[in-house]
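Residue numbers (the numbering used here), protein chains in the order written: chain A, 1 to 334; chain B, 1 to 334; chain C, 1 to 334; chain D, 1 to 334.
If you're looking for bench data, these hints aren't it; they were derived computationally from the structure. Please note that the accuracy of each hint is not assured.
Heads up, the list lumps identical chains together, so a pair's fine if it works in one copy or across two of them.
Said to hold, decoys possible - In silico DMTMM-like pairs for lysine to aspartate or glutamate, Cα to Cα no more than 20 Å straight-line:
no.	residue 1	residue 2
1	Lys-53	Glu-162
2	Lys-53	Asp-174
3	Lys-298	Glu-237
4	Lys-176	Asp-296
5	Lys-298	Glu-246
6	Lys-39	Asp-174
7	Lys-39	Glu-148
8	Lys-298	Glu-169
9	Lys-176	Glu-237
10	Lys-298	Asp-96
11	Lys-39	Asp-245
12	Lys-298	Asp-180
13	Lys-298	Glu-162
14	Lys-298	Asp-245
There are 4 protein chains.
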Amino acid sequence: MSNSFGERYRFTIFGQSHAPAIGVTIEGLPVGFAPDMEKLAAFLARRAPGNGKYTTTRKEADAPEFIAGLVDGHTCGAPVTAIIRNTNARSEDYEDLRHVPRPGHADFAAAVKYGLDRDVAGGGQFSGRLTAPLCIAGGLALQLLEAEGVTISARIESIGGETDPAAMEALLADAKAAGDSVGGVIACVCEGVLPGLGEPMFGGMENRIAQAVFAIPAVKGVEFGAGFAAAGMRGSENNDPFYFDEYGIVRTRTNRHGGILGGITSGMPILFRAAFKPTPSIAIEQDSVNLTTHEDVKLTVRGRHDPCIVLRAVPCVEAAAAAAIYDALLESRC
Amino acid sequence: MSNSFGERYRFTIFGQSHAPAIGVTIEGLPVGFAPDMEKLAAFLARRAPGNGKYTTTRKEADAPEFIAGLVDGHTCGAPVTAIIRNTNARSEDYEDLRHVPRPGHADFAAAVKYGLDRDVAGGGQFSGRLTAPLCIAGGLALQLLEAEGVTISARIESIGGETDPAAMEALLADAKAAGDSVGGVIACVCEGVLPGLGEPMFGGMENRIAQAVFAIPAVKGVEFGAGFAAAGMRGSENNDPFYFDEYGIVRTRTNRHGGILGGITSGMPILFRAAFKPTPSIAIEQDSVNLTTHEDVKLTVRGRHDPCIVLRAVPCVEAAAAAAIYDALLESRC
Amino acid sequence: MSNSFGERYRFTIFGQSHAPAIGVTIEGLPVGFAPDMEKLAAFLARRAPGNGKYTTTRKEADAPEFIAGLVDGHTCGAPVTAIIRNTNARSEDYEDLRHVPRPGHADFAAAVKYGLDRDVAGGGQFSGRLTAPLCIAGGLALQLLEAEGVTISARIESIGGETDPAAMEALLADAKAAGDSVGGVIACVCEGVLPGLGEPMFGGMENRIAQAVFAIPAVKGVEFGAGFAAAGMRGSENNDPFYFDEYGIVRTRTNRHGGILGGITSGMPILFRAAFKPTPSIAIEQDSVNLTTHEDVKLTVRGRHDPCIVLRAVPCVEAAAAAAIYDALLESRC
Amino acid sequence: MSNSFGERYRFTIFGQSHAPAIGVTIEGLPVGFAPDMEKLAAFLARRAPGNGKYTTTRKEADAPEFIAGLVDGHTCGAPVTAIIRNTNARSEDYEDLRHVPRPGHADFAAAVKYGLDRDVAGGGQFSGRLTAPLCIAGGLALQLLEAEGVTISARIESIGGETDPAAMEALLADAKAAGDSVGGVIACVCEGVLPGLGEPMFGGMENRIAQAVFAIPAVKGVEFGAGFAAAGMRGSENNDPFYFDEYGIVRTRTNRHGGILGGITSGMPILFRAAFKPTPSIAIEQDSVNLTTHEDVKLTVRGRHDPCIVLRAVPCVEAAAAAAIYDALLESRC
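Isolated chain A, as found in the complex (with noise of 0.2 Å):
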């Protein structure tokens, strides 16, 4: 099982990118909440598709309807399901993928999984429209997260290896022209977060993070605090030195830590890092196979997709740090 996330945040997203709906189920939310509807939407305008130049034309509203868990805008203790209608869906744009599967994408493995038969249409349960109702989850998490002081907040770090915005923008105007895709990084700041949240082992705040993040289509990579370069670092070097602030507080001098020793929060910002691979569907033609007539063909994929897909993951990133925070929290207070 696999839609589930989280202990005592726990929420189950459904749908497929063309089934009539995509939407989540989330238990855990307090009683007597009254999410932020504009606060959500404003959240979720930032991950919706059609805004960018670089991003696909597909326009939807993506505004979550509450069929469930809400009275007069409060939550009552029920579990709460939003849904998103999916509409403006071009389904025939992908029937040719059914037998051949896009490089890089998940269709292979859907297809060795789930047959011949599977949704292929948008990419099925495995696209990106999926990240809309964690963001729904995610949201409303950042939300009760906010009133408690903590903060979360994800940016661009490169793209396509450029960390200078306008060379950003050049690669991305560059891979367009090419029907050509590029990937990059994200990063994660989550300032005010208590220490002593996250579990021993496996339940740790790095292992829940990652497991959350990994959701989002595309990451390949997640890092904490240095990460990848504390491994080229000396002890001396990587450890980060306490001290007591003018609060009596403990913290340390530098945070490559990233927040978390051990796999609890130390009290500093969580900071992590998250890659992102270029969008596998892209204009150029590519080698690929007919599963069907099991002959080796050329592929050239239609439809409209991103040419950057870390654009629109911001939102996403933040949304899964925060389901996976909020969760520590509510569990450390068993």
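Put chains B, C and D on the given structure of chain A with help from the hints.
For chains B, C and D alone, kept in the frame of chain A given last:
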């Protein structure tokens, strides 16, 4: 909760570094399986302390005693429990650390979470020693996977940034002499894995392997296939072209996806890397705090410590991968 | 957490009686399964209100809309979500009950747990209406079990202590006329279940079926085979002798064990009974309390209510049994 | 999976009757808790064999050894593991039973599930002996609940249908003399439980307690409050009227709901009954089958057995209730 891993191959790890014992209870082993105890001992020996020039001098047999679940050496359907008695523990080495957390170590986070009465001896439940039960659970999974044609092999890719064995050795000698430590990167290859393993979203193979690998102390980053390098590539570069091999099997010409597409195995080898930070316990004086007197203090860590945990972590990485893959294999059969 | 059931056939129920919708998300359905929607509708119709003389007059189509997981009527591997829109709701009937809990009803416990701002309309999440999504999940499990030769059949064994149909009818008429209600016992037979299903201790078939059946509101007791009567027997009386039948299958000459030995199915029919208390909502004046004014008060419940929930609960019992058995069947295949 | 119970007070039981050891690993104990070991020993002694005229003569100290999770007698935050070494085992008594299942016993179902190579000695993992680790986990929960004002007390209500102590005694003597066995009913009262514990649907207190109690071998029925008797009542009879007591606490004048409404505790005492079938192992010749030769055979069970398991099951029922209630209590705090 935290000390358990897995859905169908599910195990719970218990113990602390200086408790009477550490151990693991495993559910999901097939009935009638006769673990190869010599093979398991050899596997555990690869992570055992006291074996090399650059590992702690604490010596323990680490021979697991199977106290439940086996009859005449065969699994009988009941959960399998193995314990390792702790001996040769010098708890007094650690008493100073109750109040003064080691920079970079779990000490501080544990003190916040569990209070000053926590088990500090040998790092308590945060000790690298807890990877021994992980290696029992993973070692048995490895034996079962091997019977299905899966081999898992990890190796040290770099230490302190050096990839040349001679340079690694020099770096280790230097760090040890300086009372310092170094980090490193372990790369792992899992061959023979069937396509179609893993579940969408939170149950993907990347999510599961990451959840398992981050349970190994000192891991600060995990990447699959091209990983962070993929973030700098174009789609046309990163996508792995498909073809039919001579046996009619779909393969990819390159393996930048690391054997996982959409969270599901593709049948190509699973490739991943784990970044290990340098051992936090170093003999060099560091800045820390006294949590009881609330004073900034200087700390020099005594006791026996590995200057480089990476040397002993190789089987742990294999164990984590084996547990995650075998669990997904069982789940795929439901 | 609470709204989810099952290990391998896992579903999450959401909604409240007067929320926009109620529904269920199901994981674990086999890929390519085409639910027989007419059969499902007929199954749901057996629990629908408004069908008989002794059931509430609230009328609802209760036609599930499958918003995810199906493509052209077949499961595609994604979770299946079905919702039922709530209509014909008269929320104003319930506002008085916010402060004055009905004796015997969940009202008081819900007020303590969720506060006075909880969803009182129609019983909120404690409404018997939530058994409709249970019947969707169980109804699909039933179809899958039938394809494996399993049939599940529940029937009313007694109402108000009467086992004769004419006496039951007379009792119901009498209770209805008096504005009162009656309880009853439902017996369930599950035939064709393979031996060997269920797991030891907490995962036994009795544990699982009980966990599912106690989710049906008003159930206050569950017994298997001879059940409470077995407590009055001797071993020589209660033990069911084994024999080989004409096909060489091991069977028992009697079935006081109810098809379950040591928590594991024996291959004999699973037999169990569920005791339902009388519907707590009655038109007769009762003693209650006002939780806001802190006064003892007299309460006369208005609104539409079943004088005997047992009449509509029969398919719910079958659904609960089907969900538990199909889940154990899938688990046995791992 | 099956050997684990609970969400927040979670434990995993392991071992077989004649394995080197049986035991339990517990997560969720509060840090700094010092179990009263004498009290625990006294609790365990109530279920120990060899104490009475009508219990098996197998004698075991059953003293748990805590091998993990305690430091100087206090919990330190790590999971707590306790084991009991098995001694005094006469495995040869059981070898005949490998091929010839005892009527009414788990033997046959276990043979189907695990094959002829399963652990038959002493009933393997289906032995009543596994209730000792349940009593460790439940016994610690009891101590923690008592500190919160909760008391749990079970007692034998009837044996073989007799409720008078003298008649029970006569029946036991008679059954023992005849090489036969008798069943019985245990009633349990849990006082001081806060209102509001439990979750809706599958997480209700009835669901949880039933799941725990059905883990005790020989339990064939569980009922709450008026239970099966409620099925014969009218609503006006069964509903418990509310009133404010002298302290302003809402109470009910009667307690036919058994302290649970809608799955949630009401603050009134939790009342439940468990029906135990007679011990299946009897000295009287019975009809059985030889699973290897495929012949119908006569079986006379040798070995030491309780003529009435009910005598020793009283603390097990308390343990099951305590585990379920303490788990729900912790969950209510998230």
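Verification of the hints:
1. Lys-53 - Glu-162: Answer is within: at 18 Å inside a copy they meet the 20 Å cutoff, but 42 Å across does not.
2. Lys-53 - Asp-174: within (12 Å within a copy, 53 Å between copies)
3. Lys-298 - Glu-237: between (51 Å within a copy, 16 Å between copies)
4. Lys-176 - Asp-296: neither (27 Å within a copy, 55 Å between copies)
5. Lys-298 - Glu-246: between (65 Å within a copy, 19 Å between copies)
6. Lys-39 - Asp-174: neither (34 Å within a copy, 55 Å between copies)
7. Lys-39 - Glu-148: Answer is within: at 17 Å inside a copy they meet the 20 Å cutoff, but 42 Å across does not.
8. Lys-298 - Glu-169: So Lys-298 and Glu-169 fail the 20 Å test inside a copy (30 Å) and across (48 Å) alike.
9. Lys-176 - Glu-237: The answer is between: 15 Å across copies meets 20 Å, while 42 Å in one copy does not.
10. Lys-298 - Asp-96: Classified as within: same-chain Cα gap 12 Å, cross-chain 67 Å, threshold 20 Å.
11. Lys-39 - Asp-245: neither (34 Å within a copy, 46 Å between copies)
12. Lys-298 - Asp-180: Classified as within; 16 Å inside a copy, 55 Å across copies.
13. Lys-298 - Glu-162: Intra 31 Å, inter 41 Å, cutoff 20 Å: neither.
14. Lys-298 - Asp-245: Close across copies (16 Å), not inside one copy (62 Å); limit 20 Å.
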